[in-house]
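Here is how the chains run, residue by residue.
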Amino acid sequence: MLTSDENELLCRVGPGTSMGNFMREYWFPGLKSDELPEPDCAPVRIKLLGEELVAFRDTDGHVGLVDNYCPHRRASLFFGRNEECGLRCVYHGWKFDVNGDCVDMPSEPAESNFKGKVKIKAYQCQERNGVVWTYMGSRPVPPPLPELEGNMHDSYHITVLHRPINWMQGLEGEMDTLHVTFLHLGHLTTENTKPGTFNYHQAKNREGKFDVRETPHGTSYGMFRATDEGQNYWRVGHILFPFYAMVPGIENPLGANAGFIAYVPMDDHHTLEWSVRALKPGETPSDQLRDYLPNGTDWYGRYKITQNFANDFLIDREAQRANTSFTGIKGVRQQDMAVTESMGSIYDRTKEHLGTTDQMIIRTRRRFMAAARALAEDGTPPPGVDTPTVYHQRSGQVALAQNLDWWEATKELREAFNVEAMAMETSG
Amino acid sequence: MLTQEETNLLCQVSAGTPMGELMRQYWLPAAYTWELEPDGQPQRVKLLGEDLLAWRDSSGNAAFTQNLCPHRGAGLYFGRNEEDGLRCAYHGWKFDVDGNCVDMPNEPSTSNFKSKLKITSYKGADFGGMTWVYMGPNQENPPGVPQFEWGLVPEAQRRHYRRFIYECNWMQGLEGELDSTHAPFLHSRLNPDDDPKYGGYTVEKFADFHVQNTDYGLVYGAERKQADGNSYWRATHFLFPFYGMFPATPARVPLSIYVPIDDYYTMHFGLEWHPTKELQGNRWPEGDLPTEVGVLTGGGGPWKPEQKGTFYSKWWPAMSPETDFHMDLEAKKTKNYTGIPSVRQQDAALEWSMGPIMDRTKEHLGTADATVIKSRRRLIAAARAFAENGTPPPGSQNPELYNVRSCSVVLAGDQDWQEALGDWFYGRTTEYPAAAGVMTRQ
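Order-wise, the sequence lines are chains A and B. If you're matching positions, the first sequence starts at 1 in this note's numbering and goes up one per residue. If you're matching positions, the second sequence starts at 1 in this note's numbering and goes up one per residue.
Extracted from the complex, chain A is given alone in its bound form (with noise of 0.2 angstroms):
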């Protein structure tokens, strides 16, 4: 349970907010490469925390993210014309390039200066594997980019959702991972699956112990059950600064697969949750089951899919009853996305009722707010900003023998972070 100013102080993210600063001193995914197709193309509206911005890729190939409003009428630049190394508002013409400096002003005097002295708020962009990257903070060099596996093989698998939710609701369903034995899981039982498989441990024993570690990246836990075997089966996953996840998985060993999901704030009540990873050599991505609608050109038009809260995720009652399914609503995210935006887009934490197997969370909101307020009111760097090897980490399931530290025992496998590793256990 939180008190109301803690819930504002780890939800909000405007501008100006405690949050909303920590968030921007780290470089985050911006938008898809393949939002901006080709140079000169037109420009996507984007918010980011709270921010209403636009994208345009130039004549050059170089990404901008500037200020929706053009300083002079404050007109929208979305409907401007991107051409010649600049985005061109259509009201006055005035011209600005991806620095956000003011490159032409023909409605004004040709001797005036006036141009010389207006700059529009622009953003540093940089592309990697499919994803361009931006820091809106404070630094006038920007730290390096985190070191983000799923983003640093060229074989790589982007999926972008739109959720009508604050940031913090999607990111929480990621640390409690035994929702994952109801919610998705909950139709199984020891008949219905292969004993020694992950699956049968979570249909054998549906409670689970946590441990919770505070890392150099943010927190990480080891969820785990006794096996029939006289083992204990983990379940591994991270909670990485500012927002991003890296979670154990449906049948994912561990050291398996590099990925990581982030959930970027467009505002206080809607995320972009954007899962980012690494191929195997020669996989093909599978259906997610996921049916997307047309991407649209309005703020909150991006990555919206058909089945929503305004249809109730087009839940079956039929196979809830039934039980081939714990909820009858298709697709494992989906089932994310109905509790946790049944919730409201903020959700009152006064009113919750934790207990032993929420610690994840309990803890990680903990390590959130006192490292914005430890920024806010010490100016102290935030964790892993300049260190970009704190994110050299990986999730999943693992058997242990009971006598382990699993966190000492599982380091090789978290920290493998190696392309040709990842092909080697593939092809094993």
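Derived by calculation from the structure, the hints in this document are not laboratory data. A virtual CB, placed ideally from N, CA and C, is assigned to each residue, including glycine. Careful: at least some of the hints might be erroneous.
Keeping only pairs whose Cα atoms sit at most 30 angstroms apart, straight-line, the calculated DSSO-like set for lysine-lysine is [claimed, not checked]:
#	chain 1	residue 1	chain 2	residue 2
1	B	K225	B	K374
2	A	K330	A	K304
3	B	K304	B	K314
4	B	K374	A	K351
5	A	K330	B	K46
6	B	K118	A	K209
7	B	K333	B	K277
8	A	K194	A	K204
9	A	K351	B	K362
10	B	K46	A	K351
11	A	K115	A	K47
12	A	K304	B	K114
13	B	K308	B	K205
14	A	K304	B	K116
15	A	K47	B	K308
16	B	K205	A	K351
17	A	K330	B	K116
18	A	K209	B	K114
19	A	K121	A	K351
20	B	K114	A	K204
21	A	K209	B	K116
22	A	K194	A	K330
23	A	K204	A	K411
24	A	K304	B	K314
25	A	K330	B	K205
26	A	K204	B	K314
27	A	K204	A	K330
28	B	K118	A	K351
29	A	K330	A	K47
30	A	K304	B	K308
31	B	K277	B	K197
32	A	K204	B	K116
33	A	K209	A	K351
Sample of chain A residues facing chain B (criterion: CB under 10 angstroms; computed from the structure) [stated by the list, open to error]:
#	residue
34	D176
35	G186
36	L188
37	I329
38	T340
39	I361
Starting from the known structure of chain A, arrange chain B on it as the hints suggest.
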């Protein structure tokens, strides 16, 4: 005219407000009984500003419980209604109709966390084809469900024929019900010689109002003196806290209900019954509109496609401000007063047009508004008396008082209306009051 403070007191119904606390002393009709099947899909409902789920457990008990799971605040709407409880689909926590947490499978089996936890749950009851909820403090020993006659007669003698959400405060709906002189205008046809299918027609637009306080609210008669010396009486009741009746005919007795969803939305139910005769027609609301221009329907529909994700998702009316309430300008010119093809939506159009909560500091009430004025005074006084002294509001402890009927009849000019109508009003006879003459009304 009311002050702003009085308006707030009258209209606001959230927990902790005087009127909200008054409302919580009564049973509230919340759903049709058939909408809640044992182990069926929970329904989103909202009452007095509280988001709840209505559902029925395996044993058939109606439940009204808080919408959000107390664990991590997820909606129990997506939950599994099974084995006498509603189980959250997120982590499997399960609650029974009394709000007890009966299973918490994600916590260690040695934990006693479960026994410390209860969710908000309100008593439910089935009566008269409706499922009712009592949201008051006395959950252990609630008062009886109001004993309306329509709940006591065989099913074939009642029709639940109208239901939809009003997009305005509950009192605006109720005031419309109590305001007898709007009918000869709003609901009328243009040409007295035309067929009544285009609307009613009353020669005498003016009425004398006779209003009297009762233990359950008000009884009142609108008297229209006729040229022949007789009087045409439309006599009926206001019953605490939100029931109105337009006048009965020998064929049927109607009741209108305005349950506050919150301060800005209202669930309206309309039904009718007869003390002895079976009624013809649909048992539950149906949605068709007349195809002929200018003809009016008395039904409740049609409705918008199901508005999933919202409360009472199936009961949002298609006739609404977005469609100008289907106002037909040709019908308005040639057939009826508004061009709106449904009697009840004619009311809704005018009541909603006042805004979500009408600004009563700016109104100008006349003599024809006597029942509106008196019912407000009763409600305000009762809410204050309950808040200040704990005085039980009228009727809340006396379910038997609700066995009343209304009437429309021509009486002789010298007849005392209450004496002439009393036996019928209070169920002491099933004989409709005898008319002393003919109505000069077409």
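A quick look at each hint next to the structure:
1. K225/B to K374/B: holds, 23 angstroms
2. K330/A to K304/A: holds, 15 angstroms
3. K304/B to K314/B: Holds, at roughly 8 angstroms.
4. K374/B to K351/A: Violated, at roughly 41 angstroms.
5. K330/A to K46/B: This hinted pair holds, its Cα atoms lying about 28 angstroms apart.
6. K118/B to K209/A: Satisfied, since the Cα-Cα distance of roughly 24 angstroms is no more than 30 angstroms.
7. K333/B to K277/B: Given pair K333/B, K277/B is violated - Cα atoms ~39 angstroms apart, limit 30 angstroms.
8. K194/A to K204/A: holds, 11 angstroms
9. K351/A to K362/B: Violated, at roughly 40 angstroms.
10. K46/B to K351/A: Roughly 19 angstroms between the alpha carbons, so the hint for K46/B and K351/A holds.
11. K115/A to K47/A: Holds - the C-alpha atoms of K47/A and K115/A are around 27 angstroms apart, at most 30 angstroms.
12. K304/A to K114/B: Outside the cut-off at roughly 38 angstroms; violated.
13. K308/B to K205/B: violated, 44 angstroms
14. K304/A to K116/B: Between K304/A and K116/B the Cα gap is close to 40 angstroms, so the pair fails against 30 angstroms, i.e. violated.
15. K47/A to K308/B: Between K47/A and K308/B the Cα gap is close to 27 angstroms, so the pair holds against 30 angstroms.
16. K205/B to K351/A: The hint is violated at about 56 angstroms.
17. K330/A to K116/B: violated, 34 angstroms
18. K209/A to K114/B: Holds, at roughly 17 angstroms.
19. K121/A to K351/A: violated, 40 angstroms
20. K114/B to K204/A: Judged against 30 angstroms, a Cα distance of about 21 angstroms means the pair holds.
21. K209/A to K116/B: Holds: K209/A and K116/B sit about 20 angstroms apart, inside 30 angstroms.
22. K194/A to K330/A: holds, 23 angstroms
23. K204/A to K411/A: holds, 27 angstroms
24. K304/A to K314/B: holds, 25 angstroms
25. K330/A to K205/B: Not satisfied, since the Cα-Cα distance of roughly 60 angstroms exceeds 30 angstroms.
26. K204/A to K314/B: Violated, because 41 angstroms separates the two Cα atoms, which is more than 30 angstroms.
27. K204/A to K330/A: holds, 24 angstroms
28. K118/B to K351/A: Answer holds: K118/B to K351/A is near 12 angstroms, not above 30 angstroms.
29. K330/A to K47/A: holds, 29 angstroms
30. K304/A to K308/B: It holds: about 17 angstroms lies between the C-alpha atoms, which stays within 30 angstroms.
31. K277/B to K197/B: holds, 24 angstroms
32. K204/A to K116/B: It holds: about 27 angstroms lies between the C-alpha atoms, which stays within 30 angstroms.
33. K209/A to K351/A: At roughly 24 angstroms apart (the allowed maximum being 30 angstroms), K351/A and K209/A satisfy the hint.
34. D176: It holds, given that the least Cβ distance between D176/A and chain B is near 7 angstroms, below 10 angstroms.
35. G186: Hint on G186/A: holds, closest Cβ of chain B at ~7 angstroms, below 10 angstroms.
36. L188: Result: violated, 13 angstroms to nearest chain B Cβ.
37. I329: holds, 7 angstroms
38. T340: With a minimum Cβ separation of about 7 angstroms from chain B (threshold 10 angstroms), the hint on T340/A holds.
39. I361: At 8 angstroms from the nearest chain B Cβ, I361/A passes the 10 angstroms test, so the hint holds.
Going through the hint list in order, the structure does not satisfy hints 4, 7, 9, 12, 13, 14, 16, 17, 19, 25, 26 and 36.
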